[in-house]
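K.L.:
For this one, chain A is given, so just place chain B on it according to the hints.
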Amino acid sequence: MLEQRIIRNLQQTLGKEHVSTDKADLICYSYDATQQQFLPDVVIYPATAEEVALVMKLANAENIPVFPRGAGSGFTGGSLPTRGGIVLSTERMNRILEIDSENLVATVEPGVVTEQFQKAVEKLGLFYPPDPASLKFSTLGGNVAECAGGPRCVKYGVTKDFIIGLEVVTPTGDIITTGGPTMKGVVGYDLTKLICGSEGTLGIITRIVIKLLPLPEAKKTMLVLFDSIDGAARAVSTIIGHKIIPTTLEFMDGRTLDCVRQATDLEVPEGARAVLIIEVDGDREFLAKQVQKIQQLIQPLGVVETRTAETPEESEALWQIRRSVSASLRKVNPDKFNEDICVPRSKVPEMIRKVDAIAEKYQIPIVNFGHAGDGNIHVNVMIDKKVPGELERAHKAIEEVFRGALELGGTMSGEHGVGIAKAPYIPLEISEKAADYMKTIKKALDPNNILNPGKIFLD
Amino acid sequence: MAKLKNLEDYREEIEQCVKCGACRAHCPVFGAERREGRVARGKVALSKAVLDGEIGLEEKVLEDLSQCLLCGSCCAGCPNKVPTEEIVAAARRKIAEQRGLSSFGKGVAAILGRPKLMNTLAKTGGRFSALLFRKLPENSGLRLRFPAPYLESGRTLPPLTARPFRERCPERIEGKEGMPTVAFFTGCGINYMYPEIGEAFLRALKFLGVTVIIPKDQACCGLPAVSAGAGTVVEQLAEQNLAALTHEPVDYVLTACASCNAGIGKIYADLGGDYQQLAAKTRDIFVFLVEMGLPERLAELPKKGGVRTRVTYHDPCHLRTRGITKEPRAILKSLPQVEFVEMEDAATCCGLGGTYSVYHYENSKRIGAKKAGHIEESGAELVATDCPGCIMQLQDSINHAGGSQRAVHILELLNEALPKE
Numbered sequence: 001m002l003e004q005r006i007i008r009n010l011q012q013t014l015g016k017e018h019v020s021t022d023k024a025d026l027i028c029y030s031y032d033a034t035q036q037q038f039l040p041d042v043v044i045y046p047a048t049a050e051e052v053a054l055v056m057k058l059a060n061a062e063n064i065p066v067f068p069r070g071a072g073s074g075f076t077g078g079s080l081p082t083r084g085g086i087v088l089s090t091e092r093m094n095r096i097l098e099i100d101s102e103n104l105v106a107t108v109e110p111g112v113v114t115e116q117f118q119k120a121v122e123k124l125g126l127f128y129p130p131d132p133a134s135l136k137f138s139t140l141g142g143n144v145a146e147c148a149g150g151p152r153c154v155k156y157g158v159t160k161d162f163i164i165g166l167e168v169v170t171p172t173g174d175i176i177t178t179g180g181p182t183m184k185g186v187v188g189y190d191l192t193k194l195i196c197g198s199e200g201t202l203g204i205i206t207r208i209v210i211k212l213l214p215l216p217e218a219k220k221t222m223l224v225l226f227d228s229i230d231g232a233a234r235a236v237s238t239i240i241g242h243k244i245i246p247t248t249l250e251f252m253d254g255r256t257l258d259c260v261r262q263a264t265d266l267e268v269p270e271g272a273r274a275v276l277i278i279e280v281d282g283d284r285e286f287l288a289k290q291v292q293k294i295q296q297l298i299q300p301l302g303v304v305e306t307r308t309a310e311t312p313e314e315s316e317a318l319w320q321i322r323r324s325v326s327a328s329l330r331k332v333n334p335d336k337f338n339e340d341i342c343v344p345r346s347k348v349p350e351m352i353r354k355v356d357a358i359a360e361k362y363q364i365p366i367v368n369f370g371h372a373g374d375g376n377i378h379v380n381v382m383i384d385k386k387v388p389g390e391l392e393r394a395h396k397a398i399e400e401v402f403r404g405a406l407e408l409g410g411t412m413s414g415e416h417g418v419g420i421a422k423a424p425y426i427p428l429e430i431s432e433k434a435a436d437y438m439k440t441i442k443k444a445l446d447p448n449n450i451l452n453p454g455k456i457f458l459d
Numbered sequence: 001m002a003k004l005k006n007l008e009d010y011r012e013e014i015e016q017c018v019k020c021g022a023c024r025a026h027c028p029v030f031g032a033e034r035r036e037g038r039v040a041r042g043k044v045a046l047s048k049a050v051l052d053g054e055i056g057l058e059e060k061v062l063e064d065l066s067q068c069l070l071c072g073s074c075c076a077g078c079p080n081k082v083p084t085e086e087i088v089a090a091a092r093r094k095i096a097e098q099r100g101l102s103s104f105g106k107g108v109a110a111i112l113g114r115p116k117l118m119n120t121l122a123k124t125g126g127r128f129s130a131l132l133f134r135k136l137p138e139n140s141g142l143r144l145r146f147p148a149p150y151l152e153s154g155r156t157l158p159p160l161t162a163r164p165f166r167e168r169c170p171e172r173i174e175g176k177e178g179m180p181t182v183a184f185f186t187g188c189g190i191n192y193m194y195p196e197i198g199e200a201f202l203r204a205l206k207f208l209g210v211t212v213i214i215p216k217d218q219a220c221c222g223l224p225a226v227s228a229g230a231g232t233v234v235e236q237l238a239e240q241n242l243a244a245l246t247h248e249p250v251d252y253v254l255t256a257c258a259s260c261n262a263g264i265g266k267i268y269a270d271l272g273g274d275y276q277q278l279a280a281k282t283r284d285i286f287v288f289l290v291e292m293g294l295p296e297r298l299a300e301l302p303k304k305g306g307v308r309t310r311v312t313y314h315d316p317c318h319l320r321t322r323g324i325t326k327e328p329r330a331i332l333k334s335l336p337q338v339e340f341v342e343m344e345d346a347a348t349c350c351g352l353g354g355t356y357s358v359y360h361y362e363n364s365k366r367i368g369a370k371k372a373g374h375i376e377e378s379g380a381e382l383v384a385t386d387c388p389g390c391i392m393q394l395q396d397s398i399n400h401a402g403g404s405q406r407a408v409h410i411l412e413l414l415n416e417a418l419p420k421e
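From first to last, the protein sequence lines stand for chains A and B. Counting with full-length UniProt numbering, you get residues 1 to 459 for the letters of the first sequence. Counting with full-length UniProt numbering, you get residues 1 to 421 for the letters of the second sequence.
In isolation and in its complexed conformation, chain A is listed as follows:
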């Protein structure tokens, strides 16, 4: 519990209605998509960088942990108030400040919802490609802090590839800017890239400068059913080997298709054991040619069926198979661990075989789907927590999955980050020296360890 004088201080800084110690609010800001719960002592809703800076100064003086939070939709607990203290919500900082069509740059506050930003720029013929699955509700601040990915990253890159400048409140309460609205800039260390993906441990993002692209004229979607995951994986490497980079190359494995078959009335032929959703974008004339070429290239690789969409509605119908996965998984088991390992794309089939063997070994259903184009596999370990021993078996299986990915030259997180969920596994991937290097940075910037403590690394 925080002392009353601290609460009063916060109220003076932010205004009474923007500071809450109501139990109901503490409960509402105690969770994220990991389903773990930690009650904060107070929830605050600042509106400006200056207010955030004053809060950080107070927190430093009083040694109170501060946990920045966007939409609270993370999968690894990055925004959870694991040590009580202050939850700092960015929900009020939600303005799009500028969209500069001439320079293809936009400036936004961190609480702007990703899809709303995308719609706003698309109205002007511009394009912000990063598209995490949560884009309809996650915030840009959260996306930057976690360096979110998504299906389109295979062609365009992840969030950090579009962030060229930031305004950040440091853990000690200073306001700094990094980078800026120019396409080039090599003065000093690249703090923008350091903050992107730092999971809210090095600073609180209060403003974001974003690089935009021209909106592609059109897109075309293909859904290709294969008789094996190897066929689908070879299709990916064949397409890319022929110097074609589609906008998305999404895959679902045989187990995922079994779930979809059981839970929906979408038509999936029996012989299909893997699916690729291939989308290409660009000039209309060029697209038709590209689709034709892709079809020719992949036809010998065990294609069971190809469906091509000509209109946005048809395209949406094809994506429906992918969108139905989440709900269909619940038919397998009620509880889910959604891991997001990433391996070199040629290793996807090998990784899937490893995961299948792990599922067999621990007798736990594991369903794989994800972004084949960049080797990012969503490994969904499906359990029923109420069944004795399942949770323990799941944790063992997950550790083996991580080890398997690392053996293939991969990583244990492609887009969800570390948070608290993967912190125990950090030594598997990062050497002690590299981890020390990172911790030195954290210590230098946050000497009292009050900004999002206990995330990424176990203290």
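FYI, nobody ran anything at the bench for these hints, they're computed from the structure. Among these hints, one or two may not hold up.
Said to hold, decoys possible - Calculated pairs, BS3-like style, for lysine-lysine (alpha carbon to alpha carbon, straight line, at most 25 Å):
1) B/K19 / B/K116
2) A/K385 / B/K281
3) A/K193 / A/K211
4) A/K331 / B/K19
5) B/K81 / A/K336
6) A/K442 / A/K160
7) A/K396 / A/K336
8) A/K123 / A/K193
9) A/K136 / A/K155
10) A/K293 / A/K219
11) A/K136 / B/K116
12) B/K281 / B/K206
13) B/K303 / B/K206
14) B/K19 / A/K386
15) A/K347 / A/K385
16) A/K347 / A/K361
17) A/K160 / A/K184
18) B/K281 / A/K23
19) B/K370 / A/K123
20) B/K303 / A/K336
21) B/K81 / A/K385
22) B/K60 / A/K386
23) B/K3 / A/K23
24) A/K23 / B/K94
25) A/K385 / B/K206
26) A/K442 / A/K193
Predicted, not measured: the structure shown is a model, and the values here were computed from it.
P.N.:
Leaving out everything else, chain B in the frame of chain A:
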């Protein structure tokens, strides 16, 4: 009497919430007031905390739970289909049981629970409405058709009718042989505020030759009582409506109000038994008209020349969340005098939410203002819908935005298209 489920009965559904946050994209209240307590995920978390005894029914919990339109948008957009609107309604019943109904809730319960009183009050209101809602000349420039101060809130309301719809029409209108027999569940909006929609309904069914029964002793569907947490009143009304709608055999029970459709089509289904059978017979008017081939019949009518009116459609939540989106559009598109245009976010709530707009008019207005903006951007002259409640709210929102559009029921437009008798 059949019983509605308690909050305790929803534990399994509550535990299905995986806290992903998807509801944040769909909740209109959250859109107006970005706080976690206002969104489905927060309300589900609070309901769970109440069930687990971690928090009591204290003021902030009541406030958050009152901030729900019961529109069901969250459930439609939820990967696990957690029925937050049912959970919130059950939580409100629990609150009412433990702390009593709110003063407004008491009023709702008293009026709805006594249909005769409701009739008398409505008629009295109707007689005085010329005074209460002084009508400005059309060319006054204000374009506020009914500038009545509503609870001093500035809400504009249509006048109540001096003669309710059900008193104007016979209880049975014979159709052609071999055609189905239907019961018309008019609902309060059509009966007391928009009798012209009821008349348009009868004309459309007469055109097809359907036999229509309009039971005089039908009552409110009970949805406002669900919203207020008045569980017993809901159960009473369901019992009365079951009796009224089943004393003559009918093939279907038709509604021309989205809320009534959800009331007797969904809430009653949850009550099981005979109620469920009644719910299974319930059809939205446009679903029925499409099944009866009305669009094809309209296409056969001789084409009239002249300028077509640009019309857009607003999806009432209580139809959209039940999967009824194509049929109303199909009818609209088949009307010769209509040029249909889709507006942005046609499927988001207008902000009425029944009693919600009385408790939280400011938020209701904010939600409505977005809608009015989308109507304006669509370039439509009329916004058509399938729910008297939405019509009221849409017109109020347009009036506040200073727009010139009119909100109408699709049946009114259909009425214009049908051949004159």
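K.L.:
Could you run down the list of hints and mark each one as holding or not?
P.N.:
Here is how each hint holds up against the structure:
1. For the suggested pair B/K19 and B/K116, the alpha carbons sit about 46 Å apart, so the restraint of at most 25 Å is broken.
2. At most 25 Å may separate the alpha-carbon atoms for a hinted pair to count; A/K385 and B/K281 exceed this at roughly 41 Å.
3. Distance check on the hinted pair: A/K193 and A/K211 sit about 14 Å apart at the alpha-carbon level, within 25 Å; holds.
4. Straight-line distance between C-alpha atoms of A/K331 and B/K19 comes to about 18 Å, which keeps the hinted pair within the 25 Å bound.
5. Using a Cα cut-off of 25 Å, the hinted pair B/K81 and A/K336 holds, with the two alpha carbons roughly 16 Å apart.
6. Between A/K442 and A/K160 the CA atoms are separated by roughly 20 Å; this keeps the pair inside 25 Å, and the hint holds.
7. Using a Cα cut-off of 25 Å, the hinted pair A/K396 and A/K336 holds, with the two alpha carbons roughly 14 Å apart.
8. Proposed proximity of A/K123 and A/K193 is contradicted: the alpha carbons are some 28 Å apart, above 25 Å.
9. Annotation: proposed proximity of A/K136 to A/K155 holds, straight-line Cα distance about 21 Å (limit 25 Å).
10. About 15 Å separates the Cα atoms of A/K293 and A/K219, which keeps this hinted pair within 25 Å; it holds.
11. Distance check on the hinted pair: A/K136 and B/K116 sit about 48 Å apart at the alpha-carbon level, beyond 25 Å; violated.
12. About 20 Å separates the Cα atoms of B/K281 and B/K206, which keeps this hinted pair within 25 Å; it holds.
13. A hinted pair counts as satisfied when its Cα atoms are at most 25 Å apart, and B/K303 with B/K206 qualifies at roughly 21 Å.
14. Note on B/K19 and A/K386: the hinted pairing holds, with a Cα-Cα distance of about 19 Å set against a maximum of 25 Å.
15. Restraint check: the Cα-Cα separation between A/K347 and A/K385 comes to about 31 Å, which exceeds 25 Å; the hinted pair is violated.
16. As the CA atoms of A/K347 and A/K361 are separated by approximately 21 Å, the hinted pair is consistent with the 25 Å bound.
17. Taking the CA atoms of A/K160 and A/K184, the gap is about 15 Å. The hint holds against a cut of 25 Å.
18. Distance check on the hinted pair: B/K281 and A/K23 sit about 45 Å apart at the alpha-carbon level, beyond 25 Å; violated.
19. Taking the CA atoms of B/K370 and A/K123, the gap is near 17 Å; set against the 25 Å cutoff, the hint holds.
20. A C-alpha spacing of about 58 Å is found between B/K303 and A/K336, which places the hinted pair above 25 Å, so the restraint is violated.
21. A C-alpha spacing of about 20 Å is found between B/K81 and A/K385, which places the hinted pair at or below 25 Å, so the restraint holds.
22. At roughly 32 Å between alpha-carbon atoms, B/K60 and A/K386 are farther apart than 25 Å, so this suggested pair is violated.
23. Taking the CA atoms of B/K3 and A/K23, the gap is about 32 Å. The hint is violated against a cut of 25 Å.
24. Annotation: proposed proximity of A/K23 to B/K94 holds, straight-line Cα distance about 19 Å (limit 25 Å).
25. Annotation: proposed proximity of A/K385 to B/K206 is violated, straight-line Cα distance about 59 Å (limit 25 Å).
26. For the hint linking A/K442 to A/K193, the alpha-carbon distance of about 15 Å falls within 25 Å, and the restraint holds.
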